[in-house]
Amino acid sequence: MSTTIKVNGQDLPLGGASVHTTTLDWLRDRGLTGAKEGCAEGECGACSVLVARPGIDSPTEWTAINACLVPVAALDGQEIVTSEGLGTSSELHPVQRELAVRGGSQCGFCTPGFVCSMAAEYYRPTRTASAEEDCEHGPNGFDLHSLSGNLCRCTGYRPIRDAAYALGDPDGDDTFAARQSSPPPPPAPTRLTVNGAEFVRPEQLDDVLELIAECPEAKVVAGSTDTGVEVNLRGVRPSLVVAVDRLPELREFSIDDEQVRIGAALTLTEVERLLAGRVPLLEQLFPQFASRLIRNGATIGGNLGTGSPIGDTPPALLALDASLVLASRRGERTVALADYFTGYRETLKAPDELIRAVLIPLPLAPLTAFHKIAKRRFDDISSVAVGYALDVVDGVVREARIGLGGVAATPIRARATEQALVGRPWTERTVREAAAVMATEGTPLDDHRASASYRSAMLGQSLLRFHAQQLHVEGVSA
Amino acid sequence: MSQLSERPVEAVVGLPLPHESAALHVTGEALYTDDLVVRTRDVLHAWPVQSPYAHARIVDLQVKPAYDVPGVVRVLTSDDVPGVNDAGVKHDEPLFPDAEVMFHGHAICWVLGETLEAARLGAEAVQVEYEPLPSLVSVREAIAAGNFQGTGRHLERGDVETALTTAAHVFQGEFEFAGQEHFYLETHVALALVDEGGQIFVQSSSQHPSETQEIVAHVLGVASHAVTVQCLRMGGGFGGKEMQPHGFAAIAALGATLTGRPVRLRLNRTQDVTMSGKRHGFHSQWRAGFDDDGRLVALEATLTADGGWSLDLSEPVLARAMCHIDNAYWIPNVRVDGRIAKTNKTSQTAFRGFGGPQGMLVIENVLGRCAPLLGYDAMELRRRNLYQPGHTTPYGQPVRHAERLEACWSEVVRGGEVERRQAEIEQFNAIHPNTKRGLAMTPVKFGISFNLTAFNQAGALVHVYKDGSVLINHGGTEMGQGLHTKMLQVAATTLGVPLERVRLAPTRTDKVPNTSATAASSGADLNGAAIKNACEQIRERLAQVAGSRLGLHAHDVRFADGMVRGLQGGSLSWDDVVLAAYFQRVQLWAAGFYRTEGLHWDANAMQGEPFKYFAYGVAAAEVEVDGFTGAYTLRRVDIVHDVGDSLSPLIDLGQIEGGFVQGTGWLTLEDLRWDESDGPHRGRLATQAASTYKLPSFSEMPQVFNVHLLDKAHEDGAVYGSKAVGEPPLMLAFSVREALRQAAAAFGPVGTSVDLPSPATPEAVYWALDEARSAAPVPSSFSLSGV
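These protein sequence lines are chains A and B, in that order. Under this note's numbering, think of the first position of the first sequence as 1, with each following residue one higher. Under this note's numbering, think of the first position of the second sequence as 1001, with each following residue one higher.
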């Protein structure tokens, strides 16, 4: 059992950390104070660091994560690079140099986090220069979404963007680039017990199922993007934490004629890269799901496991008619996602069960879209989210599935709206009538994100927009 | 050209340099206050016990149970205060409230623990018995209850009644708008210890170390000379660390004196947002009169600042709001009444602009609403009301350089291709029923100097060592605005040495005493002039030495680039002259001082010339609004801003861009939602985290962002001809709000006047455009028109 973490090339003992000590606090306690705490909930990115993770397009990928959310025990045996490790003030890393000379830092507090997020994108194996520049991509292929989880209160972002877009490719002798061509450290089987609390990383699924059957209060974590917030902001201190993010059984991915099977512990970034646009509805969802920093840790199973009514994958997966494979010591069963949510943060999943995989049946419906209504375009929580999957044949709606988030105690299907569409011509008139029905779906609430009336209005407007966009795609004037 | 503003030929000021700490920022080597904890032994950590009520009497406080928690070392309560139990200077802000809690989140006592976890658990164990009292949570409730604090103010010029009676068009309205959370990335933090000399030494993230020092001293009941406060740098301030750090520093210092151990008090984000003051929200009522040519003839307004539970800086904030209600417009007859509501919320405080943005928002809202009713394009209405040379402000100050408003305006129109784009937008809107664009231009005129004349002074300490290296200290603090970069440039310019010969040491109260806050955009003006003064004293002494060596009069030598050259030839190196001076027993260090000349202000009459000069700017913003959702994008922004002769153009550009985006956040996105219900959480701030209070992110950055500094903009009254830049650009963001208003109006018939709340969130814009869409093709009925 390994009890060290390689930080900036140096093995540091894990010693002294509690079960709930965050990676950020652990680093700072060791004098690596570059990474900062700005929010302690994975929203600001000031704590961003690089972790060597298994890659999809290279054996290792430097992956930026929120160090404030991940318990340091979860990185046992792993490799981390911080802003201090990328370069020094006398020998700046290319990312650091571009940011420094272009006025990319003012107060400098968010800067080490930006450096790490930007470095991850700098080293992304699939980043290639492209003539197709748009407002979210640079001529060097830099994807601005890679910085969507980093907040700066001083600069207004323009110089940071310019620094990102000015980056070239890593030099041939770049050691961080070279590191990506060999595999990352394997997951270390970890068992850390401090003051009666325990952190466990079992080696196989059966061990996990055994543990959660014995201790139903066990907190199962993958990216800790939800649990980390509970620990940091709400003082939650689970006595048993079980890490599942590296279990091979939970990281399977396959596509055949019948279905897409996505392992529950794949991160949203990995799912996006593995699907590579083959599920257009999800392709629309990914960039709107939290931030890249969060997607690098958050798993698709975790988003469903919390049972939250405002998670962003459920409306999309409901529209895709997805189902879940639930595993326990008793065996496995498959449940339709439409049946899975039973109440506010309550699901069919028994305390001894774990989500093993998400299944999406094929073929996909031809007309799909994902609409997210939020205050901010990057990294915000939905006021309302809508997933659409329609089949229109000869101008008539043959099948319609609409998933809704943010308008009830659970994610729901818009059954009444679906009925108002199916069997009717896909025309403005039908859509107007169905939109009126859709505006009455669910039981939305007033809160700080939106009023109930806005949420209802947005349901109806969403359908009108979906229809208008389809017309636009088909080249028919509105 | 004044002696102060004259710039030598080979000046280091004016060079576009990156931030002096940029290389430290990007590597994480730059140290902030909380980074010092790991370098300090035996530190105790502090955690507050916060009130769950907006207003309540403290019936009983039991701290004993906290001591049962392992690792708890001490609980600090009001009984522990040896001096004055007050976190401010107005004696209305008890550091430890011992009778009443005044807002949801108010800290009653603080627990010190060996670890943060121990302190947190200790705070959980403290038992408080409350008797809830009636509370006022919104400014409307306070107005209805007549609950005000501090001194109300009145500003008047001309005869408003007559002007409104005879005006061709009169409109009136009511407009309430929200405040703003600073959300500096670094939360409040202090690290206090008693040093080897028995002195209280406090590292504090403070924009105002001298006042932090004073308040620490009065809480501890010691003289100021027993306390030293240092601020290495701040991870953002924006005004939020002008008054608010003092109490936190005092608690850390009190803990350190009582336990003999260093005490670290660092708020987490939730604590920071729920405990510290914010930008004031305001309520305004107004009447405005126009003539037939669209010229403002009169404005009457009542401004009510939502001050929160104590005064803090609300009085000067209100004064600045009243002094900026004219923004950049000539209004012959003006009457403004101002007052401060007392509410059960955090004590609202300074925030970039300091009331100026709130005053200006009122007039920009008036113009934006009235333009369609007057039948004018809003752009034209604004332009024809701009100040012209010869005009004076309502408080009697001549608007010097008013022609720069027109210069900025026409430069934006030209460089921003405004006329072409207006035509394109008209075409776009005609063929897109579900998407509309809007393009608006707004000006800024912002008065530079502290309204209170006494604060307009600064000090500096400059040492030249025998080896020719230079160390500077000044009273200003670095919060990211690039002040230290500019100060290094000023010192290098005045002494005529290369930049790398000058080092700047952290701001400390034992180096330069009695400093003013680094605030009011005045940091570079005041401290730059003080540094220049100190450097000039040294340079003049060295000129004597060099002159005698070169056989010239001291007036005939010049210092540049590390050389001392005679006008008639001959030169010496800086290092040689310095060493020679030392051996001649010439003093190689100097204390510099500066006070801004020519200011006077009668705060009671609200008349005088409180400002040294005005900073000007104009912005054009283009937005696109989605009619289905109210969501919008900021397509393009063009700015021309007057920074005088820039001391440091890259720094100034950063201030303009950053201020603009921060202002855009205030006006469009950032949403402080207090629980105003009668439920159990009344008075609680619902948006108290980064997940609920959304700052601008990359997605809010203008897609095209062109910023230019106004040419030929020398300012005679400031150091090396420059102008202050920290605050004014924030107010250029009115252009975004007004563009949103116009885009929303484009969903309705021509002449639709749109009532747009602030912040103009997508939801707010949706309801506004939805109302416009359903409006009948006549002006809306909000006004009494054509009296």
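Source of the hints: derived by calculation from the structure; they are not laboratory data. Where hints are given, some of them may not hold.
[What the hints assert, rightly or not] In silico DMTMM-like cross-links for lysine to aspartate or glutamate, where the CA-CA straight-line distance does not exceed 25 Å:
id, chain 1, residue 1, chain 2, residue 2
1, A, LYS6, B, GLU1029
2, A, LYS219, B, GLU1117
3, A, LYS349, A, GLU332
[As the list claims (entries may be wrong)] Chain A residues, not near chain B, derived (Cβ > 12 Å throughout):
id, residue
4, ARG30
5, GLY34
6, GLU43
7, SER83
8, SER90
9, LEU99
10, ALA100
11, THR128
12, ARG161
13, SER181
14, ALA218
15, LEU233
16, ARG329
17, LEU364
18, ILE381
19, HIS448
[Stated by the list, open to error] Negatives, chain A to chain B, calculated, CB over 10 Å:
id, residue
20, ILE56
21, ASP174
22, CYS215
23, PRO216
24, GLU252
25, ARG413
Yeah, the Cβ is synthetic: ideal placement off N, Cα and C, and Gly gets one too.
Going through the earlier hints one by one, which of them does the structure break, listed in rising order?
-> 4, 5, 6, 7, 8, 9, 10, 12, 15, 18 and 19
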